[in-house]
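Residue numbers (my numbering), protein chains in the order written: chain L, 21 to 108; chain S, 62 to 182; chain G, 2 to 177.
The hints are simulated quantities; they were obtained by calculation from the structure and are not laboratory data.
From the three backbone atoms N, C-alpha and C, an ideal C-beta is built for every residue, glycine too.
Treat each hint with caution, since some may be false.
[As the list claims (entries may be wrong)] Here are the simulated distance ranges between beta carbons:
| hint | chain 1 | residue 1 | chain 2 | residue 2 | range |
| --- | --- | --- | --- | --- | --- |
| 1 | S | Val152 | G | Phe37 | 46 to 54 Å |
| 2 | S | Ile71 | G | Asp120 | 36 to 44 Å |
| 3 | L | Leu45 | G | Val124 | 17 to 25 Å |
| 4 | G | Ile46 | S | Val125 | 21 to 29 Å |
| 5 | S | Ile67 | L | Arg106 | 50 to 58 Å |
| 6 | G | Val124 | S | Ile71 | 30 to 38 Å |
| 7 | L | Ile93 | G | Ser34 | 21 to 29 Å |
| 8 | L | Arg106 | G | Asn116 | 30 to 38 Å |
| 9 | G | Tyr163 | L | Thr49 | 34 to 42 Å |
| 10 | S | Glu159 | G | Ile51 | 40 to 48 Å |
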Amino acid sequence: MMDSVMNIMVVSLGILGILTLYRALKGPTAMDRIAAMNMIVTMVVCYTVIFSYQNRNYLYLDIALVFILAAFIGTICILKFLREGRLL
Amino acid sequence: MLVREILAIILLFGGLFFLIVGVVGLIRLPDIYNRLHALGKCDTMGSGMIILGMVLIVPGTTNVVKLLLMIIFTLAINPVMTHLITKTAYVRGTPLSEDSFVINAYYEEEDDEGDLGEGGS
Amino acid sequence: MFINRLILKRFSRDIPGSLLIMTVLMGLWLLISGSFDWQHFISGIFLMGILTLFWSQMTLHEVGRTRFSWHQAKLLLRYLFFLSLEIFKANFSVAYIVLSPKMPISPGLLVLNYNLKKDLTRVLYANSITMTPGTITVDLDGDRLLVHGMTKHHAFGVRNWYLYDIMKDIEESAAE
Chain L
21 MMDSVMNIMV
31 VSLGILGILT
41 LYRALKGPTA
51 MDRIAAMNMI
61 VTMVVCYTVI
71 FSYQNRNYLY
81 LDIALVFILA
91 AFIGTICILK
101 FLREGRLL
Chain S
62 MLVREILAII
72 LLFGGLFFLI
82 VGVVGLIRLP
92 DIYNRLHALG
102 KCDTMGSGMI
112 ILGMVLIVPG
122 TTNVVKLLLM
132 IIFTLAINPV
142 MTHLITKTAY
152 VRGTPLSEDS
162 FVINAYYEEE
172 DDEGDLGEGG
182 S
Chain G
2 MFINRLILKR
12 FSRDIPGSLL
22 IMTVLMGLWL
32 LISGSFDWQH
42 FISGIFLMGI
52 LTLFWSQMTL
62 HEVGRTRFSW
72 HQAKLLLRYL
82 FFLSLEIFKA
92 NFSVAYIVLS
102 PKMPISPGLL
112 VLNYNLKKDL
122 TRVLYANSIT
132 MTPGTITVDL
142 DGDRLLVHGM
152 TKHHAFGVRN
162 WYLYDIMKDI
172 EESAAE
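Extracted from the complex, chain L is given alone in its bound form:
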């Protein structure tokens, strides 16, 4: 029961990621692409948590935890570069 639920979740997260890529390809400004990237980061985090439950290998939770913080710092760098034209 839980395994089939997890399979449904994984497939629908993949479909949602492909739909988000449409906005990342078509978005008129750079901020649309950053927003789409942010959404994909959230889906990857959810997928990593589900993957760690599927394989019963809970070290993947650490990867998800670090991935949130790394994506946050990367997005802040891109936004600061777009706003001020320099990083330091």
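Please build the complex by placing chains S and G on the supplied structure of chain L, with the hints as guidance.
Only chains S and G this time, still in chain L's reference frame:
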């Protein structure tokens, strides 16, 4: 079948529903400010509900603490990110969509239709 | 000596605050490492001491001495309870707007004034505006606040908001 697993399944599908709403909003809404409404709220709620559903079925206190830390980080990071993207769009001068209002209520006057007053940067 | 001055700054002026930070970090360390040996205790105490010293360099010049009052904690819990209710309502209103076929939106910008002095309360208030129905904080400048609303009704809901009064109470109780 445990009650815990049924609750977890309900939370997982609720989170999936809010993620679908976020993606549909990201595709349908007209300009970047409105798209960020869909991103900043439904994204936080969706990922929070999915991780909260996983808390109920994952064994071990260590894993539960890690998942709760992930919820706390998401709750702290996502509004900041939304605010930063909106501020960058506003500073770079991304136009609003058509027929949107701009109201300056700073001087306590009712429905003053003045200009924005350069709050940028 | 540089290190000597740091130790004096943190541990002599703010003993309860540094003990609180050390206890919280120690509990987090023990919970995440998942084992309760004496090796973990000793290495944890060593690491948390170093971390508390580094923390002093970032925060001490603003915060000064740590104060704690039950009244303020109660107000903060009340604030968080109402905030979670508002977040729950916000998601359903955004879902209704997005999924309805006509999309009843009337977006726009709104300039507000607000009167919060401390950085922490300003950050909490701006973040809670971002999380709640149909509004996003665009910019903070002095005592002005630029808010983008998804509909006109949502944007005007921020003007006389009941969470602002609770936040004002929290800040005034902290000022004593």
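Tell me, in ascending order, the numbers of any earlier hints that this structure violates.
-> Violated hints (numbers, rising): 3 and 10; every other hint is consistent with the structure.
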